[in-house]
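Between the sequences and the hints, there should be enough to build the whole structure, so can you do that?
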Amino acid sequence: MKIMLLLILLSLMLAAGFLLVYLWAAKNGQFDDDYTPAVRILFEEQQAEITPNPSKEEA
Amino acid sequence: MSRIEQFQYDNKIVRAFGMASFIWSLVGMLVGLILAFDLIFPQLNLSESGIPYFTFGRLRPLHTNAVIFAFVGNGIFMGIYYSLQRLLKTRMFSDKLSWIHFWSWQVVILLAAYTLPMGFTTSSEYAELPWPVDLLITLVWVVFGINMFGTIIKRRESHIYVAIWFYIATWVTVAVLHIVRSFELPYSLFGSYTLFSGVQDALVQWWYGHNAVAFFLTTPYLGIMYYFMPKAANRPVYSYKLSIIHFWALIFIYIWAGPHHLLYSSLPDWVQSLGTVFSIMLIAPSWGGMLNGLLTLRGAWDRVRQDPVLKFMVVAVSAYGMATFEGPMLSVKSINAISHFTDWTIAHVHVGALGWNGFLTFGVLYWLWPRMYRTSLYSVKMANIHFWLGSLGIAFYAIPMYWAGWTQAMMWKEFTPEGTLVWGNFLDTVTQLIPLYAIRALGGTLFFVGTVVGVYNLFKTAAQGNFLANEAAEAPAREIGPATFTKGEYWHRWIEGRPMQMLLWSTLLISVGGIVQIIPMAFMESQVPKIASVKPYTPLELTGRDLYIREGCVGCHSQQVRPFRSETERYGEYSKSGEYIYDRPFLWGSKRTGPDLWREGGNKRTDSWHYNHMLDPTSTSPGSIMPSYAALLETDLDLSELPAKIGALRTLGTPYPEGFENEAIANAQAQAREVAKRLAEQDIKDQGIENKEIVALIAYLQRLGTDIKVEAAAKK
Chain U
1 MKIMLLLILL
11 SLMLAAGFLL
21 VYLWAAKNGQ
31 FDDDYTPAVR
41 ILFEEQQAEI
51 TPNPSKEEA
Chain F
1 MSRIEQFQYD
11 NKIVRAFGMA
21 SFIWSLVGML
31 VGLILAFDLI
41 FPQLNLSESG
51 IPYFTFGRLR
61 PLHTNAVIFA
71 FVGNGIFMGI
81 YYSLQRLLKT
91 RMFSDKLSWI
101 HFWSWQVVIL
111 LAAYTLPMGF
121 TTSSEYAELP
131 WPVDLLITLV
141 WVVFGINMFG
151 TIIKRRESHI
161 YVAIWFYIAT
171 WVTVAVLHIV
181 RSFELPYSLF
191 GSYTLFSGVQ
201 DALVQWWYGH
211 NAVAFFLTTP
221 YLGIMYYFMP
231 KAANRPVYSY
241 KLSIIHFWAL
251 IFIYIWAGPH
261 HLLYSSLPDW
271 VQSLGTVFSI
281 MLIAPSWGGM
291 LNGLLTLRGA
301 WDRVRQDPVL
311 KFMVVAVSAY
321 GMATFEGPML
331 SVKSINAISH
341 FTDWTIAHVH
351 VGALGWNGFL
361 TFGVLYWLWP
371 RMYRTSLYSV
381 KMANIHFWLG
391 SLGIAFYAIP
401 MYWAGWTQAM
411 MWKEFTPEGT
421 LVWGNFLDTV
431 TQLIPLYAIR
441 ALGGTLFFVG
451 TVVGVYNLFK
461 TAAQGNFLAN
471 EAAEAPAREI
481 GPATFTKGEY
491 WHRWIEGRPM
501 QMLLWSTLLI
511 SVGGIVQIIP
521 MAFMESQVPK
531 IASVKPYTPL
541 ELTGRDLYIR
551 EGCVGCHSQQ
561 VRPFRSETER
571 YGEYSKSGEY
581 IYDRPFLWGS
591 KRTGPDLWRE
601 GGNKRTDSWH
611 YNHMLDPTST
621 SPGSIMPSYA
631 ALLETDLDLS
641 ELPAKIGALR
651 TLGTPYPEGF
661 ENEAIANAQA
671 QAREVAKRLA
681 EQDIKDQGIE
691 NKEIVALIAY
701 LQRLGTDIKV
711 EAAAKK
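Taken in sequence, the protein lines are chains U and F.
In terms of the working numbering, the first sequence opens at residue 1 and continues consecutively.
In terms of the working numbering, the second sequence opens at residue 1 and continues consecutively.
Heads up, none of these hints are tricks.
Keeping only pairs whose Cα atoms sit at most 30 Å apart, straight-line, the calculated DSBU-like set for lysine-lysine is: (1) Lys413(F) x Lys709(F); (2) Lys709(F) x Lys677(F); (3) Lys27(U) x Lys241(F); (4) Lys692(F) x Lys709(F); (5) Lys709(F) x Lys535(F); (6) Lys27(U) x Lys154(F).
Simulated from the structure, these hints should not be mistaken for laboratory data.
Computed from a predicted model, the values in this text were never measured in an experiment.
So this is what it looks like as structure tokens:
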């Protein structure tokens, strides 16, 4: 079952890739704030409405 | 303080993917409905009159592909293209790439709609499309990746919201899965053989198949849930911390669970156990997501009563919870011994597809359409009708299928006190289920009608609204490294965007490592026969096997006798891994609507029985719901591809002697004449039958699983 070797290797590489990304993200401070991102996504609509709408690019 | 930048979100691409999603949903579900009715009224296969294109076997992959890649696939892109722009406060990286992505994905779908009914299939579930289409899919995925990562790089919001993590994981993993599953050697425009054979192919297949469910039907939809559900409820997600934790846990565990599709098969036991362990662990991160979704609605349940969007989403997330509880349970070997190959699996996947993917897509569509068209939903009442038709549809689909699964398993395994099978005739276990199949068809019809109502509602909403193609927005520029962003600095910025660099690097590493590993391995292992008496297929048998693949027989017939007494009693000796080394692709199947065929060979039934059975299955098996394959008796046997096929297989390691491709056609013709002669002895005296496809199929069926008998006979 050498194929297992391949699949385990691939899966480990994938996991290692994700781990690197995770480490980067943690170091970058992506997870420092675990409250406001959830709230901030809700505000965006209001902002768009305040902006006058220049929808001239309607093609 | 950086300056405020003004920009516009691209809604047109979102609308395009959304429309594609719901239009394809009608097609995918309609094909599913036809299949449901095929099982009750086999005449609907239309094959009795010699039309081969619409049989259950050929349409089943069309149904699964249309639902997964056309309906859900376009749904994913709709959700990602809408939310990514807003979460990152920027327009998509490139409008041109967006549209190339959109149109090439629709071309993939159209090619699937052509190739599958035509019988061009690799027969690997959810990867049935022929190799040129695989190449196109790869291209689409690269375009999508550049567009998505480009957008992430030029973002104005430095925090990467959890939904985007899900999108990233989706892209990376699907890329790897698709590439590995598509390793195949073409022998013609649409024909190819997989690089892997037998047990290895089975493992690669379910490593792919399981993770296609994980990373195509689950992770992108969780991302969509994390954006659209808080938006629709106007509440932050219950626990942002939990969303981060369960994301990382989910992606680390998911990739290992594939072997649970092969429990009790010829796969080594330790691999099966590995799959089981990881599958059971999966319940934690899965339910983390489900609970997080549901609890987001805490204190807003009064709105769930009124708002169809939230209703759809609540049922979707509940269905996700049910399916991800059931999944780990089905991965327990003793439960799998009951559920596998039965309709239980069909119930399980449809709770996921109709409930989780279907309802979440509808919820998002009902939320998006009024927003993008700057109007209100055309009819809330109609949306409620859709909701109830859909919910009832799921119930009327799933419950009879669970019932059918249990019934089937119990009948397969029931012994008399004397120790013989109570239901020795497999057909009895089929006809017993037909009333349940009828209720399922009713459930499917309800769901389909609901979808039609929904699509009508969306069209009317669009008609009364005024579409906002470019939505104005503004946000402060993001300050990183070089604070200003000018065109010339693009590549500089690219390198600054370190997560991307890493992703690219790891993907590259994965692919290169994979290629280097696979090629020598695929060669080495297939050249070592594990059972001396197991020989490659003869050219005629090989042709018959490819017909078996073309007709999608694998959709209803397994080729894997599990080591249970109930199966060895019914079918014969259980399957050994060494028997499958020349099987490219493997054809173990995942569902037994008909009996297993692995021990069908060796004149268990006469050639004339097979002939009559293909012409009219009910003539040999009264009450059979198998479609007629009358066309096989009429269609001329095409042997022209044989030399190329033999050559390709030898390249992959099948020990055909050098130069055998030159004799292959003559060899096949000689064997065809032998089959024709035997048929004539059994009173089938059609003129020129040796030149028809049926003889190849009979030759293949008579060969199935007989090689180890040769060895047993030799020992005696």
